[in-house]
Structure formats: C-alpha cells, structure tokens
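Using the sequences and the accompanying hints, generate a full structural model.
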Amino acid sequence: MRVRIQEAVFDPGAELSAFTASARGAGAVVSFSGVVRDAAAGLEAMEIEHYPGMTEKALSDIRDEALTRFGLIDALVIHRVGRLLPGEVIMMVATAGKHRKEAFEAAEFLMDYLKSRAPFWKKEATGEGTDWVAARDEDEAALKRW
Amino acid sequence: MKVLYFAWLRERIGISGEEVETEAGTVADLVAELAAREERYAAAFADLRAVRVAVDQELATFDAPLKGVREVAFFPPMTGG
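Residue numbers (the numbering used here), protein chains in the order written: chain A, 1 to 146; chain B, 1001 to 1081.
Just so you know, these hints were derived from the structure itself, not from any lab. Any given hint might turn out to be false.
The calculated SDA-like cross-link candidates involving lysine to any residue, where the alpha carbons are at most 20 Å apart (straight line), are [as the list claims (entries may be wrong)]:
1) A:K123 to B:E1058
2) B:K1002 to A:K123
3) A:K57 to B:A1060
4) A:K123 to B:D1063
5) A:K123 to B:I1015
6) A:K57 to B:R1070
7) A:K101 to A:L143
8) A:K57 to B:Q1057
9) A:K144 to B:T1061
10) A:K57 to B:Y1041
11) A:K123 to B:R1012
12) B:K1002 to A:L143
13) A:K57 to B:E1023
14) A:K57 to B:R1012
15) A:K123 to A:K144
16) A:K57 to A:R69
17) A:K123 to B:G1081
18) A:K57 to B:V1055
19) B:K1002 to B:E1023
20) A:K144 to B:G1081
21) B:K1002 to B:G1081
22) A:K57 to B:V1003
23) A:K123 to A:L67
24) A:K98 to A:L67
25) A:K144 to B:A1060
26) A:K123 to B:V1055
27) A:K57 to B:T1061
28) A:K123 to B:R1070
29) A:K98 to A:W132
30) A:K101 to A:T55
31) A:K123 to A:A26
32) A:K57 to B:I1015
Since this is a predicted model, take the numbers as computed values, not measurements.
Next comes the structure, spelled out in structure tokens:
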C-alpha cells in the first residue's frame, strides 16, 4: 500500500530502504519525515484525529496528482493518527524519480497539500490542558506556488 | 443524510455525527437549519470562516448543492503533516 494511515509507530528508515529497493529505474529518492515537536513547552502528547474514508481518498488523490505532475516512478505516504509522543515520527513521504529535481519538488508538493487538504486535525496536550493546533496562513499560501 | 463533525466542532456540538432529515438545498441552508436548533450548534457555526465542509468526502464550498448527497462533514481548517 502506497498510502497508509495507521496508529502504530513505524520505522521511517526501514520504509525508505524498502521503497528505494522497489523503485526500479529511479535515479533519485527523496524523503521527508515530520516529527512531534515540543513547541508548547511541556507537551505531553499530540492527538491526531482524522476523517476515516475521506483521508484515504484525499491522500490517494494527492499522490496520484504528484505522480502525474512530476512524472514520478513511485511515491509513498504514511501518516499516523491517535496519540503520539514528543519525538515520535508523525508521517513521512517518499518520492522516486529519474532525477532529483522532480523528486524534491514532488515531495514538497505532497507535503504542501497534505498539510491543508487532507482531513487531519492535531491537538496538543500539556499539563495545562488540551488545545487544537490552529492552521497557519503560510500553509494555505504555500499551495499557491503549485 | 449523514452529518459528521470533527475536531472542535465535534466537541462543541457534543456528537461526532447524526442522521439529519432535511430539505436544505445547499450546505449554507443546512448550516442555517442546524444553527437554529440549539445553542451548541449556533456556537459551533458562529464563525463560518473557521469552518470547512466536505460533501460526500470531497472538499466543497458552502454554496454546494445537497441534492442526492449522502454525507456532509464539518470541520476546522486541516492541520496534517
């Protein structure tokens, strides 16, 4: 499966190795991993809610668009949901192309779309309580470059 | 149709979803019907700039028609990645 949504922890290194090994004809593989950052001092956990059904569909559509637009050989998207701890990997994307330019661009494209067009919502839990993470205007603006 | 709520809309309204019998022609009409029901709905839909909508699991706008639609979801701007 090239689009996965899961509660379980995963190993981005192992995923990247397997992805690279299967990307026949690729001359460039790019990967990005997002990590739970302890931005609010004393972050205890990050809860990620999603919209089952729509999430899978939205991510598949974004991946398909990236494959076509950048002529990729392959692309992988993994996103965790549920309760995550600081330092844990939230998600990763990997792209494989003939050359590095399309692989880098496609990874940025996937990230830009995934941030504000895939139905995930983050909530931070600290000792003081819980708070939904607000969407950033920059994330919405980032889509304009595509 | 099925109406779903996520994140703080779910918390404010107090349920994750419900079956709604409606003759609403558009998403905006449905929002007006829901907001007129009870204070918790009115509070959730008080500022529509902070609300996004999906119709049959595709992102949509508030003027989207509801004819033949099975599922409408309301949620805040998404924060994936």
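Query raised in the report: Between A:K123 and A:K144, does the CA-CA distance stay at or below 20 Å?
Result: Not OK: A:K123 and A:K144 at ~26 Å, beyond 20 Å, violated.
Query - Pairwise hint evaluation, B:R1012 against A:K123, where the allowed Cα distance is 20 Å at most - result: With a Cα-Cα distance of about 15 Å, the restraint between A:K123 and B:R1012 holds, given a limit of 20 Å.
Query raised in the report: Are the Cα positions of A:K144 and B:T1061 separated by 20 Å at most?
Result: Since the Cα atoms of A:K144 and B:T1061 sit roughly 18 Å apart, the hinted pair holds (cutoff 20 Å).
Query raised in the report: Hey, A:K101 versus A:T55, does the alpha-carbon distance stay inside 20 Å?
Result: 28 Å, violated
**Report entry** Given pair status - A:R69, A:K57, alpha carbons within 20 Å
**Finding:** The given pair, whose Cα atoms are some 18 Å apart, holds under the 20 Å limit.
Query raised in the report: Are the Cα atoms of A:K57 and B:E1023 separated by 20 Å or less?
Result: 28 Å, violated
Query raised in the report: Given the proposed pairing of A:K57 with B:V1055, does the C-alpha separation stay at or below 20 Å?
Result: 13 Å, holds
Query raised in the report: Given the hint that A:K57 pairs with B:V1003, does the C-alpha gap stay at or below 20 Å?
Result: 18 Å, holds
Requested in this report: Given the hint that B:K1002 pairs with B:E1023, test it: the Cα-Cα distance must not exceed 20 Å.
Outcome: 13 Å, holds
Query - Proposed proximity, B:R1012 with A:K57 (alpha carbon, max 20 Å) - result: 27 Å, violated
Query raised in the report: Taking only the CA atoms, is the gap from A:K123 to B:V1055 under or equal to 20 Å?
Result: 24 Å, violated
Query - Proposed proximity, B:A1060 with A:K144 (alpha carbon, max 20 Å) - result: 18 Å, holds
In this structure, the earlier hints numbered 1, 2, 4, 10, 12, 13, 14, 15, 21, 23, 26, 28, 29, 30, 31 and 32 are contradicted, and the remaining ones agree with it.
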